[in-house]
Structure formats: C-alpha cells, structure tokens
Amino acid sequence: MSITLRSLLVTLTLGVLGTGVWAQASSQPSRVVIVSSDSAPAYTQTAEALTDHLVRQGIARTDIAQSLAADLAVRLKSGQPPRPTVYVALGSEATQLLVAAGTQTPVLSALIPRSSFERIVRSQGKTVSARLSAIYLDQPLARQLALVRLALPQVRRLGVLWGSESADRATGLRPLVAANGLDLQETMVTQPDDLPLALAQVLAGSDVLLALADPAIYNSNTLQNILMSSFRARVPLVAFSPAYVRAGAVLALYTTPLQAGQQAAELVLGVLRGKPLPDHVLEPNDFEVGVNAQVAHVLDLTLDAQALRLALRRLERLP
Amino acid sequence: MRPAFPAFHPLSSLLFPAALLTGGLLVGSLSQAQVVASVSEKDFLSDMPIVLSVSRLPQRLDETPGAVTILDRDMIRNSGARDVADLLRLVPGFQVSNAFESVAPLVSYHGAFGDYSNRLELQIDGRSAYSPYFIGSIGPGLQSVALEDIERIEVLRGSNSASYGARAILGVINIVTRDTANTLGVQGAITVGDNGIRDTQARLGWGDWRGTFRLTADTREDDGLAGANGQNRVSRINFRSDIRANGSDEVQVRLGALKIDSGRGTAGNIGDPLRPFAFESSYAQLDYKRILNANEDVALKLSHTQERYTDVFPVYLRQWKPVFAANDFIPVSANGTASSDVVTVQHTLRNSDVVRLVWGGELRSERIQSQALYNTQSVFVNDFTRLFGNVEWCVAKNWLFNIGALAEHSSDTGDTVAPRLMLNWHLTPGHTLRAGISKAYRPPSNFESYADVRYFWHGLQLLQTAHGSSQLRAEELVSKELGYLGEFPDWRMALDARLFDEKIDNFMRITNQAPKTYLNDEDFAIRGFEYQLRWQPWQGAQVVLSQTRTNITTVQPGDALAAPKLASTISYVHSLPGQVTLTLARTDSSRWASFGGNEDDAQATRRTDLRLAKGLRWGTRRGEVALVVQNMGSAYRDYQKEFLFQKQAYLTLRLDD
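Line by line, the protein sequences give chains A and B.
Those letters in the first sequence? Residues 4 to 322, by the numbering used here.
Those letters in the second sequence? Residues 62 to 718, by the numbering used here.
In short, the hints are calculated from the structure, not lab data.
Check each hint, because a few of them may be wrong.
[Said to hold, decoys possible] Which bits of chain B does chain A cover? Going by a derived footprint, with three or more residues having C-beta under 8 angstroms, they are:
1. 191 to 203
2. 233 to 247
3. 263 to 271
Backbone N, C-alpha and C define an ideal beta-carbon position, used for all residues, glycine too.
Extracted from the complex, chain B is given alone in its bound form (with noise of 0.2 angstroms):
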C-alpha cells in the first residue's frame, strides 16, 4: 500500500489540551492588561480592520443556485427534536427513519434507495463528516453535534457536487454552528420521559475578545424502536474554539469525539442475531482565514477524521449444519477502522458588483481498513484531489448566472468532472425565479469495488457472503430543476417552490444472490415538485407547510417506492403570553419503505408532534421547562415491518447562566 498523505494522525489527543492550555493563558493574560481609555478623536477617525468581507458574506437565498431550506435556532428547538435526523423530516423531500440497525438513523432525499445514506453530503462546519466506512453514510455524523450547539442547519436540495464532490449528489446538509461568543457562560439540561429517554447536555463558554471557547458534552439515551434491539446510547464532547489574532484574521479550532452505542439484529436469526454494537468517532480540524481586502480572502482548512467500527458475534456453526459439534463457532464480525485527512484552500474574490468567484483546492486521503469486510490486513487508501470552481456573475440587473464545477481525481475510481449552471432571475423584488441543470458522479465506495466477507474453520473457508465488483461504474446524474422564491409581505407569506428532474444512470444496486455484490443497475428518474410555504398568520404564529410529490421511475420488481409519493409536513408555532410557546406538527406520507426495504415493509408514516414549552427568567438566568409528545396517534413502521415508532413522552429542564 502507498503511504498516505498528511500524517497528523496524533492531532485530536496532542490538540486538545493544547488548545485549552491556550484559551487558559488567554483569558488569564488579559484581565492584568486592561486599560480603560477615553474616548477621542482617534475612535471617528482611525482606520478599522475589515470584518464583513466577501467570504464572510454568504450569498442570499435568492441568489444561491439551488433550493436551500434553513432550519434556525428557534425551529430547531420549537420542533421538539432530540437529534440532527429527525429534524430533517421538516424538509420538504426529506425520508427519514429513527433506527439504530444502520449504526445511526438515517435520512435521505428524494429516495431511500439503501441501507446507508451515502447520496448526500454532510457539512459540519465545514468539514466532511460522511463517514467511509461500509458503503459511506451520514448517519453517524449526523448524531456528533448537540443540538444545542448549533446556529442552523442549510439544508441544499438537490445534486451540489459542482461545489461538495462526490457524495453531495442528491444534496448537501450544512451544519453550522454556534460562535464561541455567543455561547458564553455555563449551559446544561436534561430530558427524561418514556421509552427510556434520558439525554443530559452541559456547555462551558469562556473567553473574551482574544478568543473565545466552548466545551459542550451530552448524551442522548433511549430504548429505540418498539422490536428494535434497542438500548441506543450516544455520547459526545465537542470543543471550538475561536481565536481572532487581530481584527481581521481568525484561527478556529475544533475537536471532538462521538460513541455510538447501540444494537441491531434479530431475535432468532442465526446470521443477524440480536448483539450490541459499537461507533466511536473523533476528529480535529483548524481553519485559517486570512482578510486580504473587502474583497478578496483566503482561508485554509485542515482537519482529520477517524472512526472505529466494533460489531462482533458468535454463529455457533450446529445450528447451520449438524455436523458440528455444540461448542464450534465462528466470530462474524464487521470490525474495522476508517479516516480521513483533508487540506482545502480557498480563494474568495469579488469584482466590483458584477463577478465573485470563489475557487480552490482540496486532498483528501481515506483509508479504510477492516479483516472482516475485506478479508486482508491492507489498508485502503483513496486519495481525492479536488479543483473547484463557482462563479457568480450578475450579466445584467436582476439576471445572476452561477457557473460552477469541481473536478475530482480519485486514486481509486479516476477523474470526474461535476458542472452547473444556474440562472436566478429577480422578476420583481421578492420574486425570483431559478432554472439550472447539473451533472454529478457518485463513484462506487470502497466496499461495493473491494468487499470480500468470508467466513473460515480451522483454515478451511465455510462461506463467502460478499464480494465487491471491480467493474463497478461511477453513478451518473443529471438534474434539472425550476425554482421559484416569492415573498408576499402584505399577506405575510414566504414561498419556495422547485421542480425537480434527476435522472440516474448506472445506479449501483445490491444483488440477492449468494455472495451478494453490486452491479450497475437500471437507469430511471426522480421527477416531482415540492415547496415550502410559510405564513405568519398573526403576531406570534407561524405555520410553515411543506409538500413533495415524487416519482420514481425505476421498475425493480419487489422493491417498495424509496420516497413516497405524496409527503407532507404542517407545523404550527404559537408564542403565547408568560413566555408560553406551544408547536403541533404533523408529517403525513404515503407508503414507502425506508433504506432499501422491500413492498411488504411499506407503510405509510402518520405522525403528530406536540411540543408545549414555558420560558423561565431569575435575575439574568433563564431557562425553560419543555413537554413534547411524540407521535400522539397510533404507532407507525420505521425502517422494517418489525419496527414500531410508538408514542413517546418527554420532559426537558434546560437552564443557562
């Protein structure tokens, strides 16, 4: 095997205490450095360092080419939500299961086409956090931030490899989250209610103009799904912290670590029994933006990921066959470890009001490396190398062009090349309408091109279960979309609307043959529309209705839709009087069966939430006293037949300093 690039592997343990021994002698150095001036003449006429420069400027929601749903603070928390996941299915097109049997629950858009979510990309502070391993998903990261750490979620529908690479083929989903100066001071809270539910969280914040930090850890525990091997059990700690050496430049630092644990299986099931499982996770990752003018940045990235897979049971081999005596087994297992190192660079150049552009660089080294999956020792290596380009050109009042595209060098599946190009047109102010077409690639992963799952006695190979395909080609899509944007201010309406055609050719799909493998499958099409209407009706209310119509086209015979065909969300927030906030939301979808189930586990998911929420207030703390009821009506499926979504009640004390 090749050596793998950037070798910073030990940073996350050498960091950590680093970074707090920095923010320590930070604060410290400054309390004896104070000196309290005047003011003077020197404050209306001094040059000041530019903080709003063109990178720090995010484009607006009507000029980003794409549809982007955002999900704020106050939604995040109105919803009732214990985690990223479940949130999700807020965004029109959005599938979303509460299962453990794929690590961590999964979301998908537009199709929940397997038992991973590996078509859409996972952005967290703008590091990657899709995870490798298997055949890569988001499900893991997804669970690696509180909740209460987070500023908003942007949720990019539809195909954005022109700006992500490869995994952001049907979307991207943007985690941002809070600044360390606006999280000061000391946090915490606890949920308990049914179904086992107990998550705590406590937060420290400290710093002052120099820098500032945030230590946050939390857990979240449930029994899971009714007939699910439930007990899951998640546990983080996240540290960021921001340090700004001068006005204008800015050094962030970030680490944290993530355990998962839970179980999967099956009662019964001699390949697939009931047994615990394990996911832990860290990373570390350092941003660098340097403010060149108003209008010109730089900014570089680095960061590392690892994780580590532990799912290991015994198959005593009599009840295969008889001819075994009681006491032979053989460990099945699906141990492994994966990670990742990134450097990006980025270059962010406005000129005039007609042309930004940001363009840059990327290398990522993977490496996977499991006995079990892939019956060798080695380790994989996949080295990525990334040019991208987006440029937004305003050709003439009211018509913005963005022409984009990222060119991707695999060292394992070859170059591709994803471009867009999206018009936006301002028809009036508060009206857009946005057309655009894009073409992206999702190049087989690791184990669909190199699984090898064999199984051996004493030397003597029993069964090989699967085997990846080196002949595997990369999926190709192509999307077109409208969109539209209208606000109606008089009305107090806001509406995003977009018409979507992703059309898949090559799409890789797991056969049922023994050993099982993959192969590229049919060619079809995701065709539908969705929007989102938001409407305050009075002061202090808000309903926000979301519709997707899809339809798949592909013809697979027993497999149930991957979306279903009508989707529909309504929630409705009210802020009474005494800091009172009261949210009903209701998700309504037609049968489908979620990641990769066949017609007899469809169903149709009906649920009602109801979040019941009164804010405290002592002197300057505050807090808040919080009821949710989840899925007040009858139970519905999740993830298999077997599995029951049942109505769960919980109450959380938060409290902040």
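Just chain A, with the same shape it has in the complex (with noise of 0.2 angstroms):
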C-alpha cells in the first residue's frame, strides 16, 4: 500500500517538475536532464542521490531536470528537444529513447543491466564511446566469486542455472570459477517446462547456487520453487538483489539505487567541468551485501553483511 501511494507521490512530482522544467527550459536549459523509464522508487531514489551529490559539488539544482522517458519521447517527436549537456538515462526505456533519438549530446546510461545495454547498443548500431557510456547494475562476476569464496569458504562445487538471456556469460564465468579453485556445475534451460529438472540436476551436484539475473529462469513465478528446493537441499542461494534475500535467499550482492546515483554524479560532474564521459562501460563501484539472518541461521551459516562488504571492498582495493 504505502509502496502505490509513494509510486503515484513520485509520478505526481516527477510529472509537475517535468511541466516545470520544460517551461522554463527555454529561457535557461539545463546541464543535465535525467530521464527515468519508470517512477518506480529505484529510479526516483537514484536520481534524488545523483542530484544531491551534484548540489553537493555545486552545481545549481536549476542546472538539472528530471523527465520520464515518456514525456521526454513526446518533446522529441515535437521537435523541441532540450539542449542538456550530458544526458543520464535510468533504465532500459530511457537508455533506448535516447539512443534512438540520435542526440549529439553524451547519454550516460545507469541502473541498466549489462545485457540491456549490450542490446540496446547492437540494435542501433552504436559503440561505446565518449558519447555513449554507462554504469553496470550488475555485479561483476568476479566480485560475485570473490563473495561467494568469502562467505562459503566450505564450498567446492558452484551451480548455475543458465537462460537464454544469461548463457552468454558462461565463457566469462567459466575460468573464474576454475581460477577460484572451485567446480562449476551447470544446466542450460532452454524453455521454462525444462526448469525443475534442470534445477534438481543442478542442485544435485552443487555446494551453493549463484543467482544471475535472467527472467526466463528467475521471476517471481519460479522464485518459490527455486528457493524451496535449493533450501531443501541445503543448497544457499546467492542472488543479486535485496528482494532475493528478503524472499529466502541466504546472501545477495546488489547495488542500491543511492550507490548508483553517486558513481552516475562522479562522471556527470566531470563532463559539466570539460571531462569527456569515459569510451568504455563501468562496472558499480559500491555495493552492499544483503544477508537473511533466519535462513542463515537455519543452515548453520555465519554471515555478517557488513563485515563481508567490507572484506570484498578490501580486496578490490576500493577506498
């Protein structure tokens, strides 16, 4: 309940600061336009985060606008696009609409999944560049071993659960999991009917199971069949967002929409003060580590979110 009534909140503000925006965007245009592909909390959360740090830095709060893609798709068709220094596109939606919009001005792409982007980018014809950049939602792989080594040190055998959409980093995951000393244990599923025998196989040879993101194998429909069994099998789960945990998987590694606003700010910043955006994408450079105490405890886990961030941030040198 409280979720709708901030959602309509947000879209109500995010539509009469829109309006606001744009009215006076022809006397004085912003720097920076921040284009959301929904109003969901994520994406107002990490576009308030992303403003505040810039406010922070000194950059005046008119210099920035907020638009949902929707809105800013009906400005472009009208042939009155506003003239921003960088773009921040949040999202899929957005990041398409701009993409597609041909802008000259550089799109910087956050909260969006490696995989989105990659097709978005394929799809139209571009490359990265300092025109085109973005921030990863996902975690790298190696920071996902680097977790899963840290907290399951007992663990010799990871499974994974590959989808169409996600079989495309098997050849990335395959010499880190052999590098990090463990054996890899996993299924393709080509059609969902194929999920509870794929899942059972898997389970059956695995000491942990890593969640990556692929809806075709975890959504919320499958999510209880998948979080029932591997718990049966006493079998954790390492998924990749805090709703995971709060479902029954025992860790999750994610980045917070707060996050992700502070590391979009940090580039924004260098391109309003004559940095290019980098040619290459980023990967999250803060994260948090979601733990379910109770499912934890039931597997005779010790976890401590925050001493495992700390310990994975220790080890990739981050400040």
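Starting from the two chains in their separate frames, assemble the complex, guided by the hints.
Structure follows, in structure tokens:
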C-alpha cells in the first residue's frame, strides 16, 4: 500500500517537476537531464541521489532537470528537444529512447544491466564512446565469486542455471570459477518446462547456487520452487537483489539506487567540468551485501553482511 | 448418536478426478502463454514474493524441544528396506516386527507393550495416519506411502503430546513426502526375490511453475515370516499436487488409498484359525498456506480418512462342544469401519530473533462402527477439540527455551493438558545440551472402553470374549530427559545422546480372565540411555552406530521384557567408484518379546543385512540395480515364537526418466 502511494506521489511530483522544468527550459536550458524509464522508487531514489551529489559539488539545482522517458519521447517528437550538456538515462527504456533519438549530447546510461545495454547498443548500430557510456547495474562476476569464497569458504561446487538471456556470460564465468578453485555445475534451460528438472540436476551437484539475472529462470513465479528446492537441498542461493534476500536467498550482492546515483554523479560532474565520458562501460564501484539471517541460521551459516562488504572492498582495493 | 461434524465424506471420490483435471488444465494453458522476456533493470529492482517465511523455516536440530533422528532419502535407499517399519529399526530405541499378524508390521519406541502400535503418533505430511480402529495403531499408516516418494522421516524420540496430542505419548514419526517439483518425469521399479518377494512401483510426475503433480502406484508382496499365515500384499496409490497460486501462497491436495491383504491365525486353533483378512483405507487432504510476511504465516488443513477392516471366519460349533450338529457354525468377525475428519488452523509468528510462536487449534471427529466388536450397529463418535501452542524463546545468547502445551477436550474421555518445558543450551558452536520435562496422557481407546464381543447362535448368546471398561482412566506419563548433540568436525563425527526417565501411571493392560477386559494396572518407569554416533572415516564412507539401554521396571509376572535391555545397530555405507554403493547393517538386541508376548516368546534379535547397488546412467536417464540380502545369519523369532524371519535375498531394478 505504502509503495503504491509513494509511486503515485512520485509520479505526480515528476510530472509537475517535468512540466515546470520544461516550462523554463526555453529561457534557461538545464545542463543535466535525468531521464527515468519508470517512476518506481528505485529510479527516483537514484535521481535524487544523483541530484544531491551534484548539488553538494556546487551544481545549481536549476541546472538539473528530471523527466520520464515517456514525457521526453513526446517532447523529442514535437521537435523541441532539451539541449543539455549531458543526459543521464536511468534504465533500459530511457537508454533506448536516447540512443534511438541519435542525440549529439553525451548519454550516460545507469541503472541498466549489461545485457540490456549491449542489446540496445547493438540494435542501434552504436558503439560505446565518450558520447555513449554506461554504469552497469549487475555486479562483475569476479566480485560475485569473491563473495561466494569469502562467505561460504567450505563450498567446492558452484551451480549455475543458464537461460537464453544469461548464457553468454558462461564464457566469462568458467575461467573465473576455475581460478577460484571451484567446480562448475551448469545446466542450460532452453524452455521454462525444463526448469524443475534442470534445477534438481544442478542442486544435486552443487554446494551453492549462484543466481544470475535471467527472467526466463528467476522470476516471481519460479522463485518459490527455486528457493524451496535449494533450501531443502541445503544449497544456499546467492542472488542479485535485496528482494531475493527478503524472499529467502541466503546472500545477495547488489548496488543500491543511492550508490548508483552517486557513481553516475561523479561522471556527470566530469562532463560538466569539461571531461569526456569514459569511452568504456563501468562496473558498479559500490555495492551492498544482503544476508537473510533467519535462513542462514537454519542452514547453520554465520554471515555478517557488513564484514563481507568491507572484506570485498578490501580485496578490490576500493576506498 | 450425535451427528458427526464436518460432513465431507465423498471428498476422496469428488476431488480425485477434479484435481487431475486441474493439473491437466494448468499444464495445458501454460504452453500457450509463454513470453520470452529480456533482462532489464526490473529483474534487479522489483519486489519478490516471500518464500522462506517463518513456518517454512524449520527448527534446527539443536533447537528442537527433544531428540530427533532423521532418515533421509540416501539412508532410506541404502538400507534396502522394503517398508517404513523395517527402516525404523535403524532409529535408537525402536522395536520392530515384520509380522502382519496385527494387520501390518508394528513399531514401538521404548517398549512393545501390546498387539498394536498405539503409543506413537504417525504424521504423513501433517495428516495423522493413526488408525483409531481396534485399540489404535500406526501399523497400517506406516504402509500407506511408497518409500520412493519419501523425502525424509523425522522421528521425534520421546513424548511429544505437547505438539501432537495424546497419541504421541512416547514419540512421533513424521513422514515428509517429496515435493512434486522434485519428482517430475516417469519412474519405475521392480523387485523380485526369495520368499515370494515381488514389488512393483510406478510414478508419474508432471506440471510447471503453476503447479506440479505426482501419481504413484505400487505394490509390495511377499510370503511373510516362516510359520506365519503369509502372502502379504500391500497395494497403494497416492496423488499429490502442489499448486502455487502466486509466489507465496500454496495449496496442496493429497489423495490416496491403501489395501493390505494378508493372513493371520494359527493352524488348529478354532478361535484363531488360519484365514485371510483385508484392511483398506483412503484419505483426502487439502492444505492451504498463506504467507502474511516473512515473520508470519497461517495454515489451514482439512483431511478425511476412512478405513475398513474385513476379517471373518466360521467356527464349527461341534469342535467347541459335541452337542452341536456337524454343520452348526457361527461366523466370527472383526469387521468394521472407522473414519476421521480433521480441521486444523495454525498461526506461526516470529517476533525479532528472540521469540517464535506457533499456535493453533484442531477439531477432529472420529467415528467407529463395528457390530462385531461392539455388539451394536451404532456409530461411536469421539470429537476432539485441541488448542496448542509452542514458544521458542531465546532468553539469552545460546539459551533457548521451548515452552509448549496442548489442551485437548475429548467428547468421550474429557479434558487433558499436556505441557512441556525444554531448555537447549549451546555450550559452544556444535555442542548443545538439552534438558526438559513433559507430561502426557493416553486416554483409553474406543475398544478399551466399549469393547463388547459376543457370539450368538439362533439368538442365544453362547459366549462373550471381551468387554471394555468404562472405568478406565487415561494413562499418564511424566518424561524427563537430558540430551546432548555434538559435532566433531576434525574427527568427522556427530553424536546424539539421550538419557531418559519415562514414568507411566495407570498403564492400561488387557486381563487374562474370560471375558477379557482392560484395567489400569501398575505404575512403572522406563529408564535408560540411547545414542547415535555418525562417523565418516574417509570420503565416501559412513558409519552409524546406535545403542539403547532400556530398563522397564514393570513387574507383571510372566510377561517378557517389552524392550531389550541392550540393543545395538551399526551400519556402514561405502560409495565405491563406478557408482557402486555397499551397505552393511547389523542389529543385535538382547532378549525381548514383541508386542505383548510372554517370556516364552522372548528372544534375542540378531540380523545382518547387505546391500550392493550399482547406479546406471545412459544419456539423461538414470537408474539403479541393487541386490539386498536380509538376515544373512540364522533365522530369528519375530512377533511370536513360531514365526521366523529367515534369510531372504532380492534384486531391485529402478529406472528414472
């Protein structure tokens, strides 16, 4: 209920803000336009964190405008595009819109998974450059494996379910798994009907199940079966969002909207100060570790989310 | 007689086709509605339904209010056992008979005091499979599930009436069947061997994320114990569906039927001649669970169970008294039916990490009808109202109290309250001490209270052989225990030890006078010590050693010990290369007599079993071929002195698709 209310409020606010900003846009164009794919809390939180960080660094609030992708689409169509110094596209829809619009303004895509970004770039015939860059939402595989090794040192066999959306990461994962001294138990799920059997196979040969985002495998319908089966098999699930931890995954590694907003702000600030966007994509530079203490307790695992996060940061020599 | 409450008798006949149909529809509709979605930030940012909520997270073994032995699928398979009763001999403190003389093989914990297993509760996926016919028994219930469908068996050693009611006075056997999501595809098995052993089993599992389904049919057949009136045949069919309406809520439907065909009696005994008998039962069960949030769940359970016993034979009266003509006979029968309807509501609540509360209520209506046993056409109705609660309270770091009680009102036997207090103290990680006390009651069964077995010839009463006693008081048990659970990872060992003192007052015993009746006999105690040690000496090998010392202070003259003074079981499982598994198990117990036997029947039990299995694999298909030799040594007495468990070997072939 509260979430619905909040989204409604946010939508209203964004709508009002949007109109307000565009109203004054003709006289004083904004230097930064943040385009959100959606009005869900994660997008507004990212936009707020980005804005706050910029303001703290001396950028005037009036220099920063926010818009929903749908509203911007209308404006682009009407031939009166805003002309900022930099666009920040939050999410796939906003990124798709700006890339397709062929704007000359640099676009920084954030809050976007690697495969979504790659798909958009490919389909639009673009390349990553100083005019189009991204900060991924998903964590580097090396970081996920490091978490598994730190949190579950007894683990020897890592299970992964590949779907059509995630299978291209297999080539990246295999050498990392071997380098970490683990065995990989992987199964490809080509159609949803195969999931239960594939799951049973993977669980039978794994000490931990690493979930990689793929809606054909991990979605709200399949989650019950996956979590129940992995719990029964005493195979902890390591997931990619805090919602999975609430649902019953033992561990998750994820970047919060606040962290995503701050990282984007650093790059935006550079652009505003005359630096180009990096001509390569970036991994998230900050993250959280989520632990479901109850599930960990029943599985007889002692896990400290904060300690794990700090240990991971030390490993990566992050400040 | 009062009308019985909830009237959903035709449930089994109605639900079965309905559930199958639902399964078909769900599967059918899905294949049309598949949309391949791409990864987007929504996968990372969306909320998810809570799955592992408070009631789905079981208690850890070192936090349970009592000793628990878990038999998992590997142990079940490696044991080579063909039924659950035979398997339970691996659990410390258990006595097992393989005889079908009391309808089905019997098990008891800390003493086989009568002809039926009536001081243990049996739950199969939360449904009580305690048969109220005769004086109550879990024997037939233990035969109602195919071993291949069992995920694990949790044996709660020790009185558990505070959670499960009167029938759990000495312990509980909890059979958890496999989730249907884990039994998809086709599977079949066949077993052939000595002594007429021929078992068959077929399973079909289907479904998708909206719902998964399983249908298993199997038969178990052998010639039984040497000297017994054998040819035992158990046939059963079980259906289970897990329907996931959304991510969190869950609906399960279970249906099943069991038939036991066997024989009993003794050659030349006119009152108990050799003859066949049959026991049939069927059930329907509906479970609904709603997850309110990660810390709160409610569950609703409805079930209906019915059973029928058929055992009738003629007694030619001239054999009894010469005054009768050669053709004069009376039919001697134990025919009858029983049923139970149950509604249970349970609420589970976690308040921070300190308190977890499970509480709820149950209405249970049992009906028994037997002209033969009660000399009336009337239906005996016994309504139970139960309120139960257990608080898991972590009073301080490493100190956990379980405080629970079950209050029961029986329309027949009145009110009882069974409380329990248990303290689990985690000394250091991996080492837990447990101490507790509980009180429990077993009210007299319908037969003990109201039995009235009479024989008439042309309206004339010839004989009365049994009459119940309405004066019987409930048996009372006060159980004290000290337990220890320890893990020794450096030595690859784990130990579960329990010291027990179970004091029974008003013990109900059958008298030897004619007609037979029941009376509250002596008070006595069962004291002793049991432990189970698991050891993995090296990779792929496991040794499990169990020993139980039992001292029953009963002084009934002529009676044998209902439990051996010392019983030991050791099993060794070794996984060899090439998917070969070897199991050796040895049971050795001092003299005892099974199930109400006298001193003449008492005998030590020594049995050695061997199992050699080879896993098969071709493509994605798997299977196993296994050879089992039970009782490699000489025959031992089982149930009574004329019955012998002889060496028997059998071969099983199992194929999974």
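Hint by hint, here is what the structure shows:
With a cut-off of 8 angstroms between beta carbons, the stretch 191 to 203 of chain B has 0 residues touching chain A; three or more are needed, and the interface restraint is violated. Three residues within the 8 angstroms Cβ limit are the bar, and the stretch 233 to 247 of chain B against chain A gives 5, so the coverage statement holds. Counting residues of the stretch 263 to 271 of chain B whose C-beta sits closer than 8 angstroms to any C-beta of chain A gives 4, which meets the bar of three, so the coverage hint holds.
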